[in-house]
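Student: Sequences and hints are given; from them, build the entire structure.
So the sequences go chain by chain: A and B.
The first sequence begins at 1 in my numbering and counts up one residue at a time.
The second sequence begins at 1 in my numbering and counts up one residue at a time.
Incorrect hints may have been included.
To be verified - Restraint-style ranges between C-beta atoms, simulated for each label pair:
(1) A/R66 / B/G122: 25 to 33 Å
(2) A/R100 / B/A161: 49 to 57 Å
(3) A/K45 / B/D211: 46 to 54 Å
(4) A/E97 / B/R233: 29 to 37 Å
(5) A/G131 / B/R159: 56 to 64 Å
(6) B/S25 / A/R108: 21 to 29 Å
(7) B/A199 / A/A48: 51 to 59 Å
(8) A/E97 / B/S175: 53 to 61 Å
Treat the hints as calculated values from the structure; they're not laboratory data.
All residues carry an ideal CB built from backbone N, CA and C; glycine is no exception.
Here are the chains, one letter per residue:
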Amino acid sequence: MTEERWAELYRVEFPRIYRALLAVLRDRDRALDALHDAFVAGLRKPPAHDADLAGWLFVVAIRSTRRRLRRLPLLPLEWVNGSSGDDEIEAALDRMEVGRLLAGLTERQRAMVVAQFYLGLDHREIARHFGVKTGTVSATLAQAKARMRAEVRNAS
Amino acid sequence: MLPELSIERIFHRELDSLPLPPEGSWIPNRTAPRQSVPLAALVVAATVVLVLGAAMTIREAGDAAATGRRGVTTAPLIEVPRPTCLRGACNVYRSDAFGYGIVLPANWRVAPPIPSRAAPTGQLDRVEFTSQTSAEWIHAVGVDLVVPWDVVVEVRERRGALARDFAQGDGCGASPCVASETTLSQSPAYTASWLISPAMRMHAYYVERADRMLVVRYVTEVGKEGPHGVTERTLQEIVDSITLD
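Tutor: Below, the structure written as structure tokens:
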């Protein structure tokens with residue numbers, strides 16, 4: 001794939017993947033950095049099929065944020081646990097129903113929930129991109145949905 | 001209950017309303033011009049970078065050996081094709097010898113030592129961090145030996161002096177100076193800011209550490225932005241990222 005073609009495909013997917021990353025990471029800078037990492041990774045080795053692009057970009061970006069956190073033994077703790085995140089986006093998400101639903105989930109659960117309900121990936125696709133078994137995806141999503149249901153019950 | 005279809009609708013309705021960054025920032029800056037640079041220029045540039053890198057490494061090794069400085073390690077300070085990544089963080093510089101670490105944006109690096117400059121009395125260590133390329137940095141004019149928009153971390157002998165004494169020695173008070181108490185990495189710090197010329201302002205932080213003083217300084221140009229999109233906020237975030245052992 002040429003660089004031009006890759007950039008073109010990336011631009012088409014950018015809005016959706018960026019917003020999915022915002023929902024998971026709750027921080028504009030981290031989301032943009034992660035997506036930049038995924039773009040650069042795709043320049044080196046793009047996904048095998050264009051149809052996989054959304055899931056591929058999303059998971060590569062999520063992985064890049066984890067790699068960065070692991071590389072940062074000197075970061076103040078609040079950076080790592082995200083409490084010094086992006087106030088504006090956090091406030092926007094907190095005002096939203098989706099923000100409240102995702103707030104009680106772990107980052108992994110959030111990523112899989114967003115992959116399913118926003119990016120439209122099925123369990124098999126999520127498993128392939130995240131490098132886990134389909135059963136693991138089903139179990140993770142079942143736990144996440146149970147928590148979301150509890151959140152809805154508490155809210156009502 | 002929470003039907004899956006309704007979850008999907010909520011996700012699309014709400015997440016699709018989140019604002020996007022300006023389209024110009026979607027693709028990392030440095031990847032775009034790459035295709036228009038001729039291969040020969042790339043080869044020359046890579047060679048220059050390698051030679052400069054090797055020279056800096058040899059020089060730093062020599063300096064470390066000469067001053068007995070040990071254990072200064074630098075986590076990958078490479079130029080990554082990304083405009084900035086302070087929150088996600090990229091470059092981490094750590095000085096085990098002087099017990100501090102600092103997180104830099106991706107395109108920042110350690111500036112080469114100034115060959116003709118002798119270390120002032122009492123200065124134990126000095127590291128300058130810059131966003132500028134080697135060619136730009138060589139041409140930059142440093143006021144009081146701090147290149148505008150760079151961040152300099154120094155370790156000096158205290159000899160019983162207080163943070164405010166160091167600030168006054170550096171120029172706070174000679175011209176109107178704004179000073180206050182703050183914290184860096186949860187340690188008390190004295191911060192001062194003063195004009196060093198009508199167009200330039202010095203910002204300095206002093207942390208008393210037993211018999212040593214850690215000094216972090218940067219110079220901003222009044223009413224301007226720095227090179228490569230560096231702003232005062234960038235510099236402030238770098239200062240705030242400092243961790244002290």
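Student: Now, for every hint given, state plainly whether the structure supports it.
Tutor: Against the structure, the hints:
1. For the hinted restraint 25 to 33 Å between A/R66 and B/G122, the CB-CB distance of approximately 43 Å leaves it violated.
2. Remark: the range hint 49 to 57 Å for A/R100 to B/A161 is upheld by a beta-carbon distance near 54 Å.
3. Look at A/K45 against B/D211: about 52 Å separates their beta carbons, and that is inside 46 to 54 Å.
4. In this structure the supplied range 29 to 37 Å holds for A/E97 paired with B/R233, their Cβ-Cβ distance being about 33 Å.
5. For the pair A/G131 and B/R159, the beta carbons lie near 57 Å from each other, so the given range of 56 to 64 Å is met.
6. Taken as a hint, the range 21 to 29 Å holds for the pair B/S25 and A/R108, whose Cβ atoms sit roughly 28 Å apart.
7. At about 55 Å, the CB distance of B/A199 to A/A48 agrees with the hint of 51 to 59 Å.
8. The supplied range of 53 to 61 Å is met by A/E97 and B/S175, whose beta-carbon atoms lie about 55 Å from each other.
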